[in-house]
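S.K.: Take the given structure of chain Y and dock chain Z to it, following the hints.
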Amino acid sequence: MTEKPIQGEKRVFMTGNEVVAWAALAANAEIMYGYPITPQNEIMHYWTRLAPKHGRKFLQTEDEISAGFTTVGGVLAGRRSFTATAGPGNTLMQEALSMAEMMRIPIVQVVTQRGGPSTATVIYSQQEVTMTCFGGNGEGARIVYSTSTHQELYDYTIKAFNTAWKYRFPTHVLGDGYQSKMRESLTMYDPEARGIDMVPTEPYVGNEGTPGVDRDPNHLRNTYNTEDELYDVVTNLMSDWEKYAPEIAEYQEYDVEDADVLIIAHGVVTRAAQAAINELRAQGKKVGHFRPVTLRPIAEEQLRKRVEQAKSVLVVESAYGQLRKILDNALYGLTTPITNFFKPGEGVTADEVVEEVNKLL
Amino acid sequence: MVRTSNIFKSCFTGLFKHSSNKNYFLENNNFEVRKIEGRIIEAYIGEYASGKSENAINRAVELREQGRKVTLVDLDLVEPFYTLRPLKKQLEELGINVIAWETRETMGLGEAGSILKPEMKWVLRREYDIILDIGYGVEGAKTFNLIEGAADNKELKIFAVVNTSRPMTASVEDIVEYVERLGKVDGLINNTHLGDETDWDIIEEGAEIISEVSKELDIPVIYTAADEKLKDMGIATDKQGIPVKYIHRYMPHSFW
Numbered sequence: 212m213t214e215k216p217i218q219g220e221k222r223v224f225m226t227g228n229e230v231v232a233w234a235a236l237a238a239n240a241e242i243m244y245g246y247p248i249t250p251q252n253e254i255m256h257y258w259t260r261l262a263p264k265h266g267r268k269f270l271q272t273e274d275e276i277s278a279g280f281t282t283v284g285g286v287l288a289g290r291r292s293f294t295a296t297a298g299p300g301n302t303l304m305q306e307a308l309s310m311a312e313m314m315r316i317p318i319v320q321v322v323t324q325r326g327g328p329s330t331a332t333v334i335y336s337q338q339e340v341t342m343t344c345f346g347g348n349g350e351g352a353r354i355v356y357s358t359s360t361h362q363e364l365y366d367y368t369i370k371a372f373n374t375a376w377k378y379r380f381p382t383h384v385l386g387d388g389y390q391s392k393m394r395e396s397l398t399m400y401d402p403e404a405r406g407i408d409m410v411p412t413e414p415y416v417g418n419e420g421t422p423g424v425d426r427d428p429n430h431l432r433n434t435y436n437t438e439d440e441l442y443d444v445v446t447n448l449m450s451d452w453e454k455y456a457p458e459i460a461e462y463q464e465y466d467v468e469d470a471d472v473l474i475i476a477h478g479v480v481t482r483a484a485q486a487a488i489n490e491l492r493a494q495g496k497k498v499g500h501f502r503p504v505t506l507r508p509i510a511e512e513q514l515r516k517r518v519e520q521a522k523s524v525l526v527v528e529s530a531y532g533q534l535r536k537i538l539d540n541a542l543y544g545l546t547t548p549i550t551n552f553f554k555p556g557e558g559v560t561a562d563e564v565v566e567e568v569n570k571l572l
Numbered sequence: 003m004v005r006t007s008n009i010f011k012s013c014f015t016g017l018f019k020h021s022s023n024k025n026y027f028l029e030n031n032n033f034e035v036r037k038i039e040g041r042i043i044e045a046y047i048g049e050y051a052s053g054k055s056e057n058a059i060n061r062a063v064e065l066r067e068q069g070r071k072v073t074l075v076d077l078d079l080v081e082p083f084y085t086l087r088p089l090k091k092q093l094e095e096l097g098i099n100v101i102a103w104e105t106r107e108t109m110g111l112g113e114a115g116s117i118l119k120p121e122m123k124w125v126l127r128r129e130y131d132i133i134l135d136i137g138y139g140v141e142g143a144k145t146f147n148l149i150e151g152a153a154d155n156k157e158l159k160i161f162a163v164v165n166t167s168r169p170m171t172a173s174v175e176d177i178v179e180y181v182e183r184l185g186k187v188d189g190l191i192n193n194t195h196l197g198d199e200t201d202w203d204i205i206e207e208g209a210e211i212i213s214e215v216s217k218e219l220d221i222p223v224i225y226t227a228a229d230e231k232l233k234d235m236g237i238a239t240d241k242q243g244i245p246v247k248y249i250h251r252y253m254p255h256s257f258w
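Chains Y and Z are the protein sequences, given in the same order.
Heads up, this note's numbering is the position in the first sequence plus 211, with the first residue counted as 1.
Heads up, this note's numbering is the position in the second sequence plus 2, with the first residue counted as 1.
Just so you know, not all the hints are guaranteed correct.
Taking lysine-lysine pairs in the DSSO-like style, the calculated list, with each CA pair at most 30 Å apart, reads [said to hold, decoys possible]:
id, chain 1, residue 1, chain 2, residue 2
1, Z, Lys156, Z, Lys144
2, Z, Lys159, Y, Lys268
3, Y, Lys496, Y, Lys522
4, Z, Lys144, Y, Lys264
5, Z, Lys71, Y, Lys215
6, Z, Lys91, Z, Lys217
7, Z, Lys186, Z, Lys217
8, Y, Lys554, Y, Lys454
9, Z, Lys186, Z, Lys159
10, Y, Lys264, Z, Lys217
11, Z, Lys159, Z, Lys217
12, Z, Lys119, Z, Lys144
13, Z, Lys247, Z, Lys144
14, Y, Lys221, Z, Lys156
15, Z, Lys231, Z, Lys71
16, Z, Lys241, Z, Lys231
17, Z, Lys156, Z, Lys247
18, Y, Lys536, Y, Lys522
19, Y, Lys221, Z, Lys241
20, Y, Lys554, Y, Lys536
21, Y, Lys264, Z, Lys186
22, Y, Lys536, Y, Lys496
23, Z, Lys71, Y, Lys221
24, Z, Lys156, Z, Lys71
25, Z, Lys217, Y, Lys221
26, Y, Lys554, Z, Lys91
27, Z, Lys247, Z, Lys231
28, Y, Lys570, Y, Lys496
29, Z, Lys217, Z, Lys119
30, Z, Lys233, Z, Lys159
31, Z, Lys156, Z, Lys233
32, Z, Lys119, Y, Lys221
33, Y, Lys377, Y, Lys536
Simulated from the structure, these hints should not be mistaken for laboratory data.
Pulled out of the complex, with its shape left as it was, chain Y reads as follows (with noise of 0.2 Å):
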């Protein structure tokens, strides 16, 4: 094995493309398995310039289907693997993800939001967080966590290893194209070194022994025969998700405490909801500001404490609705009103979110 990638920390000046390759090579990463899409291309120039100075490989695959089946392939032999896509590449990738659920594979797939449906925009979007959350065939036992900043794409990359493989539920980081291509400055450090330890991998198949003699057989199925044995396996799966989603959830709150209107945003709209709060507060206003960080699962009972408090809700992301749509089933029955402030596609500047929390003021 070569020297550390990062030796202690290091301030540094990148692209969140970048550091989503530093930060997979500082987790110990050993595979990653991609197809090029726009704007998530970087994650892998900067992986496959990385990856022979430390003993770590990559395998372009035909196709974005190919790419997530190969990740879980990795996962499978025991390897910490991920993969990266974005848009019409992620959803090929549903597939893979929706078996990966089903398995309980621990694959990391980094989603540099685009726009949506189809094709769209290079650009950026907030569009993926429906398919993200809850795409394929499943029940969405899957764990998103949706960043912000070049600092939470470095740790939240890190983590996401750590949490697919302690709970072996499929996680994702979800970024978007304004994230990729941003250029701003973090730290960057080895996570031993901040006594973070990598939760160690383990193969799934190809293990020693003789199955039901020396060790119990390594049961590893997608497909079931009977409605029952399918009921079984996907009770038991959504009882695990259901007791591990609490301590999953993250969030994080902004002036919350007295706050009369409380906007809701996720990744990158959060920087404008917070540079919003700070002008409203500054001229006295009520202005509190809650942000899931795990999209799926979602920080329900923080969220709906903060909801019944306020007296108006504000929901503000560049998608028409999708966060929408997971606040309300979290919500249900909680009578706060709630507006929303929908950029499909678009950036969203403080300015914007200012004038719209005056509107409810």
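M.R.: For chain Z alone, kept in the frame of chain Y given last:
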């Protein structure tokens, strides 16, 4: 205004203010521009996000302010995001001749690659000063193959822009290896910075590393770039004795 740059709306306002200062210059000097002997042809190359476009734009503006006629060419065919394209109109208002696509003119940008404009291929046949903003890395450097006359143009100076806060070009060893792969390089530019967190220590750290690179490759350091916000400190040369050039950061306003 470019539709997708809404997120930076407030920044643009600032930029327009900046432009109007230059209009004063144009109003007074528009007819005094004359051909100056010894034209300048420079190309800015380097690592992804090293500051190529930023330094190219600043150079073009600098030459224009000296009353020279300047053509600035966006030859970034590698990465369609941060290019000078969204700044085209503002730079034209300064009297710079800009050869670049406008985002709306393109089809499948970022998906189907960028197409060379015919004017780009023949740009070295033009008169007066020419500043070329080249795409990143070795692939970017190959762009010279597409420009008529670039291979044997004796006036063309190629400068590699380096920011040592970028981990791929942080050490002497890595930078030497990187610059050697780019082909012909006539000068190095120290563009070390950490965005808004930049202080002089960071710039000097970069200057020291790049000065080592310069000795090893026998390529001169042309200047150290520093944000104009640091100008008040009155530093004219870095500790390596290299002149400091204060630059305006245009690129944060140019997303797509």
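S.K.: Next step is simple, just say for each hint if it's right about the structure.
M.R.: Hint by hint, here is what the structure shows:
{"no.": "1", "hint": "Lys156/Z with Lys144/Z", "verdict": "holds, 18 Å"}
{"no.": "2", "hint": "Lys159/Z with Lys268/Y", "verdict": "violated, 38 Å"}
{"no.": "3", "hint": "Lys496/Y with Lys522/Y", "verdict": "holds, 13 Å"}
{"no.": "4", "hint": "Lys144/Z with Lys264/Y", "verdict": "holds, 24 Å"}
{"no.": "5", "hint": "Lys71/Z with Lys215/Y", "verdict": "violated, 51 Å"}
{"no.": "6", "hint": "Lys91/Z with Lys217/Z", "verdict": "violated, 40 Å"}
{"no.": "7", "hint": "Lys186/Z with Lys217/Z", "verdict": "holds, 16 Å"}
{"no.": "8", "hint": "Lys554/Y with Lys454/Y", "verdict": "violated, 35 Å"}
{"no.": "9", "hint": "Lys186/Z with Lys159/Z", "verdict": "holds, 9 Å"}
{"no.": "10", "hint": "Lys264/Y with Lys217/Z", "verdict": "holds, 26 Å"}
{"no.": "11", "hint": "Lys159/Z with Lys217/Z", "verdict": "holds, 19 Å"}
{"no.": "12", "hint": "Lys119/Z with Lys144/Z", "verdict": "holds, 16 Å"}
{"no.": "13", "hint": "Lys247/Z with Lys144/Z", "verdict": "holds, 28 Å"}
{"no.": "14", "hint": "Lys221/Y with Lys156/Z", "verdict": "violated, 41 Å"}
{"no.": "15", "hint": "Lys231/Z with Lys71/Z", "verdict": "holds, 27 Å"}
{"no.": "16", "hint": "Lys241/Z with Lys231/Z", "verdict": "holds, 19 Å"}
{"no.": "17", "hint": "Lys156/Z with Lys247/Z", "verdict": "holds, 25 Å"}
{"no.": "18", "hint": "Lys536/Y with Lys522/Y", "verdict": "holds, 20 Å"}
{"no.": "19", "hint": "Lys221/Y with Lys241/Z", "verdict": "holds, 23 Å"}
{"no.": "20", "hint": "Lys554/Y with Lys536/Y", "verdict": "holds, 15 Å"}
{"no.": "21", "hint": "Lys264/Y with Lys186/Z", "verdict": "holds, 26 Å"}
{"no.": "22", "hint": "Lys536/Y with Lys496/Y", "verdict": "holds, 28 Å"}
{"no.": "23", "hint": "Lys71/Z with Lys221/Y", "verdict": "violated, 43 Å"}
{"no.": "24", "hint": "Lys156/Z with Lys71/Z", "verdict": "holds, 20 Å"}
{"no.": "25", "hint": "Lys217/Z with Lys221/Y", "verdict": "holds, 26 Å"}
{"no.": "26", "hint": "Lys554/Y with Lys91/Z", "verdict": "holds, 26 Å"}
{"no.": "27", "hint": "Lys247/Z with Lys231/Z", "verdict": "holds, 12 Å"}
{"no.": "28", "hint": "Lys570/Y with Lys496/Y", "verdict": "holds, 12 Å"}
{"no.": "29", "hint": "Lys217/Z with Lys119/Z", "verdict": "violated, 38 Å"}
{"no.": "30", "hint": "Lys233/Z with Lys159/Z", "verdict": "holds, 27 Å"}
{"no.": "31", "hint": "Lys156/Z with Lys233/Z", "verdict": "violated, 34 Å"}
{"no.": "32", "hint": "Lys119/Z with Lys221/Y", "verdict": "violated, 41 Å"}
{"no.": "33", "hint": "Lys377/Y with Lys536/Y", "verdict": "holds, 28 Å"}
Hints 2, 5, 6, 8, 14, 23, 29, 31, 32 from the list above are not met by this structure, while the remaining hints are.
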